[in-house]
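Asks: For the record, the sequence lines run as chains A and B.
If you're matching positions, the first sequence starts at 31 in our numbering and goes up one per residue.
If you're matching positions, the second sequence starts at 118 in our numbering and goes up one per residue.
Hints listed in this document are in silico derivations from the structure and should not be mistaken for laboratory results.
Among these hints, one or two may not hold up.
From the structure, some residues in chain A lie toward chain B, with a derived Cβ separation under 8 Å [claimed, not checked]:
#	residue
1	Val38
2	Gly40
3	Ile122
4	Asp124
5	Leu139
6	Gly141
7	Gln159
8	Phe160
9	Leu234
10	Ile237
11	Val265
12	Ala267
FRET-style restraints, in silico, Cβ to Cβ [to be verified]:
#	chain 1	residue 1	chain 2	residue 2	range
13	B	Ala162	A	Ile65	36 to 46 Å
14	B	Ile174	A	Ile197	33 to 43 Å
15	B	Pro229	A	Gln190	39 to 49 Å
16	B	Val141	A	Met206	40 to 50 Å
17	B	Arg327	A	Thr84	26 to 36 Å
Here the structure is a predicted model, which is why all the values come from computation and not from measurement.
Cβ atoms here follow ideal geometry from the backbone N, Cα and C, with glycine treated the same way.
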Amino acid sequence: MSSVLYDVPGPKARRVSLIGSVVGSLLILGLLAWIISTLAQQGIFEGRRWAIFTRADVWSLLGNGIGATLSAAAVAAVIAFPLGLLLCLLRISDLAAIRVPTRIVLEFLRGMPVVLMMFFVLLVFGTNQFIAVVAGLVLYNAAVFAEIIRAGIQSLPKGQREAGLTIGLTSFQSRMVIELPQAVRRMMPSLVAQLVVLLKDTSLGYIVAYGELLRAVQVMADFLGTQFLFPIFFVAAAIYIAINICVSRIAVWIERRGSKKAAGGVAKAEPEPIEAEVK
Amino acid sequence: MDVIIDNLPLYWEGFLRTLFLSAVSGVIALLLGTVLAAARVSPVAALRGFSMTYVEILRNTPLTIAFFFAAIVLPRLGVKFEQFEVAAIIALSAYTAAFIAEAVRSGVNSVPVGQAEAARSIGMKFGQVLSLIILPQALRTVIPPLINILIALVKNSSVAGAFFVLELFGYGRQLANSNGDQVMAVLIGVAFFYLLITVPLGILASTVERKVAIVR
C-alpha cells in the first residue's frame, strides 16, 4: 500500500529496517516495561485487587453501567436519525424562508459542546439525567446526520432529480423516492462512523451524573476503596474500546460491501470519502 | 441577561482559558499526529504497528475516559500534576492526535503516486520524499478536515470543565449553580462564547475547502 513512498527494500535497506524495527520495538517495550513496573510498585497487579472481578455484584454494577450506556445510545440514535432526515429536507428546501433558519439552527447545534446541551436540558427543563443525556445526543447528532445526508444528496448526479421532476414527481416526492434512499445508502459508512461518535459521547453523561459505565466505575471505586480504581477502570475502558471497535468494523465492512457493489456496475458512483464529524 | 453582563470578567477569563487549552493541545496534537502519520507510512514495521495500535485505541476511546485517566487515575499512579490543566492538555492532545494522524494519512494517500515515484527516481530517500514532497502536498489537502478536528477540539475542551479546570464550561457550571433563577441566560452566554470560536473556524474550513477544490 504505502510502498509508493519507498522502493522494494534491498539487502542494505532491509538490514537498516530490521535494526529500526528492533530498536523501535525495544523502545516501545521499554516504555511498556516502565509503565508496568510503575504500576507494579503501586501494587496494581496484586491478585486481591483483581479478585473483585470474581464477585457477582461488581459485574452486575458494571452490567448496569453498560446497560445505561447502550440504552442512552440506542434511544438517542433511534430519535436522531429520523430527525436528521427531517432537518436535512428542511435544509435543502426550495424555500429560502425554511432553508435559511434551518441552516442557522444546524450551525448552532454543531458548534456547541454536547455536554453543554446536556447540561442545558438538565437544568433549564429540570429533566432527569437520562432525558438530558439523550436530548443532548439527539440535538447534536441529528444536526450531524442532516449534514452527512445533505452531502450525500449533493454528491448525486443532477440528472437524478431532473428525471424525477420530468416524470411529474413533485419536488418533495423526488427527494423522498429518488434522492434520499440513494443518499442514505451512499453515506452509510459515514452514518455508522457517526454512531461510534454517539456511543462514545454517552460517556459525557458522567458529567451530568447519569449512571453510565464510567459513573459506575466511580461509584464502585468510592464504594470498594480507591485501591480498586485501576482494575475497574481498566476493565471499563477495555469494554468501551471493544464495543466501539466492533461498531467501527461494521462501518468498514459496509464501506467494503458498498464499494464492491459499485464496482459490480450497479451504481457508478465514485466513492467520495467524506470525513465523518470527529468528536 | 444581567447575570451575563455582571459576570463578563468571568466569561472572559473562561473564554481565554478555553482558547489557551485548545491552542496548546492543538499544537501538540498537530505535531504528534503528523509524527504518528509518518510512522504509519514508514518502512519500519515496528513504527507502523505502534502507530496503528495507538490510533485504533485512542480513536475508539471516549474522551471522558481519557480525561478520567489523566485527571484521576494517573495521579494515583504517582504522576502528580501541579495543575489539572496539565492533565487536561495531556488528555486532549493525546486524543486529538489520533484523529489528526488519520486525517494526515488519508492526505498522504491522496497525493498522486507519480509524485513519490518522481522524487524517488531522482534519488531521494524516504525521509526526504516524505518531508519535502508528500507531506507538504498532503497537509494542503487535509487543511479543511484538520480545521474540523480543531473545531471538535475546542468543543471537547469543555470536558475539562468537569475535571476541575475552570474554562468556559467550568465557569458556566459555577455560575449556573450560584444563579439558579437565571440558568438559561448563563448557559446561553456560555454557548455564545463557544460559537465565537467554532463558527468562524467552520467558515474558514469551508473557504479553504473551496480554494483547494479550485486548484485541484
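Asks: Confirm or reject each hint.
Replies: Going down the list of hints, with the structure as the test:
1. For Val38(A), the interface hint is violated, the least distance from its beta-carbon to any beta-carbon of chain B being 10 Å, above 8 Å.
2. The restraint placing Gly40(A) at the interface with chain B is violated, with a minimum CB-CB distance near 12 Å, outside the 8 Å limit.
3. Of the supplied interface hints, the one on Ile122(A) is violated, with its beta-carbon coming no nearer than about 16 Å to a beta-carbon of chain B, more than 8 Å.
4. Because the smallest distance between the Cβ of Asp124(A) and any Cβ of chain B comes to about 22 Å, over 8 Å, the interface hint for this residue is violated.
5. The closest approach between the C-beta of Leu139(A) and any C-beta of chain B is roughly 10 Å, which is over the 8 Å cut-off, so the hint fails.
6. At about 4 Å, the closest approach between the beta carbon of Gly141(A) and any beta carbon in chain B falls short of 8 Å, and the interface hint on this residue holds.
7. Below 8 Å, beta-carbon pairs count as interface contacts, and Gln159(A) has none with chain B, the closest being about 14 Å; its hint is therefore violated.
8. A least Cβ separation of about 17 Å between Phe160(A) and chain B goes past the 8 Å threshold, and the interface hint is therefore violated.
9. With a least beta-carbon distance of about 6 Å to chain B, the hint placing Leu234(A) at the interface is held under the 8 Å criterion.
10. At its closest, the beta carbon of Ile237(A) sits 4 Å from a beta carbon of chain B; the interface hint therefore holds under the 8 Å criterion.
11. Interface restraint check: Val265(A) against chain B, minimum CB-CB distance 12 Å, threshold 8 Å, status violated.
12. Against a cut-off of 8 Å between C-beta atoms, the interface hint on Ala267(A) holds, since the closest Cβ of chain B lies about 5 Å away.
13. Between Ala162(B) and Ile65(A) the Cβ separation comes to about 22 Å, which falls outside the hinted range of 36 to 46 Å.
14. Restraint check, Ile174(B) to Ile197(A): a C-beta distance of roughly 51 Å breaks the suggested window 33 to 43 Å.
15. For Pro229(B) and Gln190(A), the Cβ-Cβ distance of about 30 Å falls outside the hinted range of 39 to 49 Å, so the restraint is violated.
16. With their beta carbons about 48 Å apart, Val141(B) and Met206(A) fall inside the hinted range of 40 to 50 Å.
17. For Arg327(B) and Thr84(A), the Cβ-Cβ distance of about 60 Å falls outside the hinted range of 26 to 36 Å, so the restraint is violated.
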